[in-house]
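Chemist: Residue-level listing of the chains:
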Amino acid sequence: MRHGSTDGRELRDQLPLSPAVLNILLSLADKERHGYGIMREVEERTGGRTKLGPGTLYGSIKRMLADGLIEESDERPDPAIDDQRRRYYRITDFGRRVAGAEAERLSGLVETARARKLFGGRGSSVPEGP
Amino acid sequence: MSRSERVYRLLLLAYPDEFRREYGEQMEQAFGDLYRVKRGEKGGIARLWMRTIVDVIRTVVAQRIMSRTNHREAVMQSRRLAVIGFVLLLAPLYFVSASLMMYGLGVGFLFDPL
Numbered sequence: 001m002r003h004g005s006t007d008g009r010e011l012r013d014q015l016p017l018s019p020a021v022l023n024i025l026l027s028l029a030d031k032e033r034h035g036y037g038i039m040r041e042v043e044e045r046t047g048g049r050t051k052l053g054p055g056t057l058y059g060s061i062k063r064m065l066a067d068g069l070i071e072e073s074d075e076r077p078d079p080a081i082d083d084q085r086r087r088y089y090r091i092t093d094f095g096r097r098v099a100g101a102e103a104e105r106l107s108g109l110v111e112t113a114r115a116r117k118l119f120g121g122r123g124s125s126v127p128e129g130p
Numbered sequence: 001m002s003r004s005e006r007v008y009r010l011l012l013l014a015y016p017d018e019f020r021r022e023y024g025e026q027m028e029q030a031f032g033d034l035y036r037v038k039r040g041e042k043g044g045i046a047r048l049w050m051r052t053i054v055d056v057i058r059t060v061v062a063q064r065i066m067s068r069t070n071h072r073e074a075v076m077q078s079r080r081l082a083v084i085g086f087v088l089l090l091a092p093l094y095f096v097s098a099s100l101m102m103y104g105l106g107v108g109f110l111f112d113p114l
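The listed protein sequences correspond, in order, to chains L and P. Counting along the first sequence from 1, when you hit position 23 you're at 23 in the numbering used here, and nothing is skipped either side. Counting along the second sequence from 1, when you hit position 19 you're at 19 in the numbering used here, and nothing is skipped either side.
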């Protein structure tokens, strides 16, 4: 099992995350998955708008392992039916904190966009808040 | 193994050796899984190949740049280590020769008049 070191690593150094990295973290937030499982979950969750190819997926996984955002897991959800060659990945505590910080950053941007009435398409027709 | 999977395996050769050794098999497996799903859809294989080619081109370039950067950093690191090693090796020699010279001067200065 490989573990990325997070010692002395600043959380904010990781931000902003690329869409692929954020999607992988979101995909691993609820359970461990293998590469194809991540690809399928991202595609389903985004309604097919985001499709990670194997190159993008494993290029991101390589970087995320090095940055300590995810780690390989030795546990296999169902060894009886599972292909032993598959590698499973799980989010680390550091990865969870980084994903949370990115979500907060994006939320701030959304608030700014809302305040400047950029929501609702074509930059107009935004219902006023209470 | 299907023809598509064999072609994809060949495309993997474009990635840097280190990356391919680490993730090649997993990528092949993921592509195979995608292929088996898309095979059942009308035009699925064509769409799969279109996005796969874009994915391969983009990520081969990225991994090659990263690999070259890492290689350059490794070369610079080894040069730095060589310089430090050289300095560490020379420092005792310098110290010994300087001490000998000072001793020689001291002896000459103190005892020569005698």
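Please keep in mind that the hints were generated in silico from the structure rather than gathered at the bench. All figures in this text were calculated on a predicted structure; none of them were measured in a lab. We put the beta carbon where it would ideally sit given N, CA and C, even for glycine. It is possible that part of the hints are untrue.
To be verified - For each label pair, taking beta carbons as the anchor points, the in silico distance ranges come out as:
no.: 1; chain 1: L; residue 1: Glu72; chain 2: P; residue 2: Trp49; range: 27 to 33 Å
no.: 2; chain 1: L; residue 1: Glu72; chain 2: P; residue 2: Leu13; range: 20 to 26 Å
no.: 3; chain 1: L; residue 1: Ser107; chain 2: P; residue 2: Met1; range: 35 to 41 Å
no.: 4; chain 1: L; residue 1: Ala115; chain 2: P; residue 2: Ile45; range: 42 to 48 Å
no.: 5; chain 1: L; residue 1: Ser73; chain 2: P; residue 2: Arg3; range: 29 to 35 Å
no.: 6; chain 1: L; residue 1: Ala113; chain 2: P; residue 2: Leu13; range: 52 to 58 Å
no.: 7; chain 1: L; residue 1: Arg85; chain 2: P; residue 2: Val96; range: 55 to 61 Å
no.: 8; chain 1: L; residue 1: Ser73; chain 2: P; residue 2: Arg58; range: 25 to 31 Å
no.: 9; chain 1: P; residue 1: Val87; chain 2: L; residue 2: Arg90; range: 26 to 32 Å
no.: 10; chain 1: P; residue 1: Arg3; chain 2: L; residue 2: Lys51; range: 19 to 25 Å
no.: 11; chain 1: L; residue 1: Gly100; chain 2: P; residue 2: Arg72; range: 32 to 38 Å
no.: 12; chain 1: L; residue 1: Ala29; chain 2: P; residue 2: Arg58; range: 34 to 40 Å
Chemist: Does each hint hold? Answer for all of them.
Modeler: Comparing the hints with the structure gives:
Checked against the given bound of 27 to 33 Å, the beta carbons of Glu72/L and Trp49/P, roughly 30 Å apart, stay inside it. As the Cβ distance of Glu72/L to Leu13/P is approximately 25 Å, the hint placing it in 20 to 26 Å holds. For the pair Ser107/L and Met1/P, the supplied restraint of 35 to 41 Å is violated, since their beta-carbon distance comes to about 46 Å. One distance hint, 42 to 48 Å for the beta-carbon pair Ala115/L and Ile45/P, holds here, with the actual separation near 47 Å.
Between Ser73/L and Arg3/P the C-beta distance comes to about 34 Å, which sits within the given range of 29 to 35 Å. For Ala113/L and Leu13/P, the hinted distance range of 52 to 58 Å is not satisfied, since their beta carbons lie about 45 Å from each other. A beta carbon spacing of about 59 Å between Arg85/L and Val96/P agrees with the range 55 to 61 Å that was offered as a hint. The hinted range of 25 to 31 Å is satisfied by Ser73/L and Arg58/P, whose Cβ atoms lie roughly 28 Å apart.
For Val87/P and Arg90/L, the hinted distance range of 26 to 32 Å is not satisfied, since their beta carbons lie about 45 Å from each other. The given range of 19 to 25 Å is respected by Arg3/P and Lys51/L, whose C-beta atoms sit roughly 22 Å from each other. Checked against the hint of 32 to 38 Å, the C-beta distance between Gly100/L and Arg72/P comes to roughly 35 Å, which is consistent with it. Distance hint check for Ala29/L and Arg58/P: the Cβ-Cβ separation is about 26 Å, which falls outside the suggested range of 34 to 40 Å.
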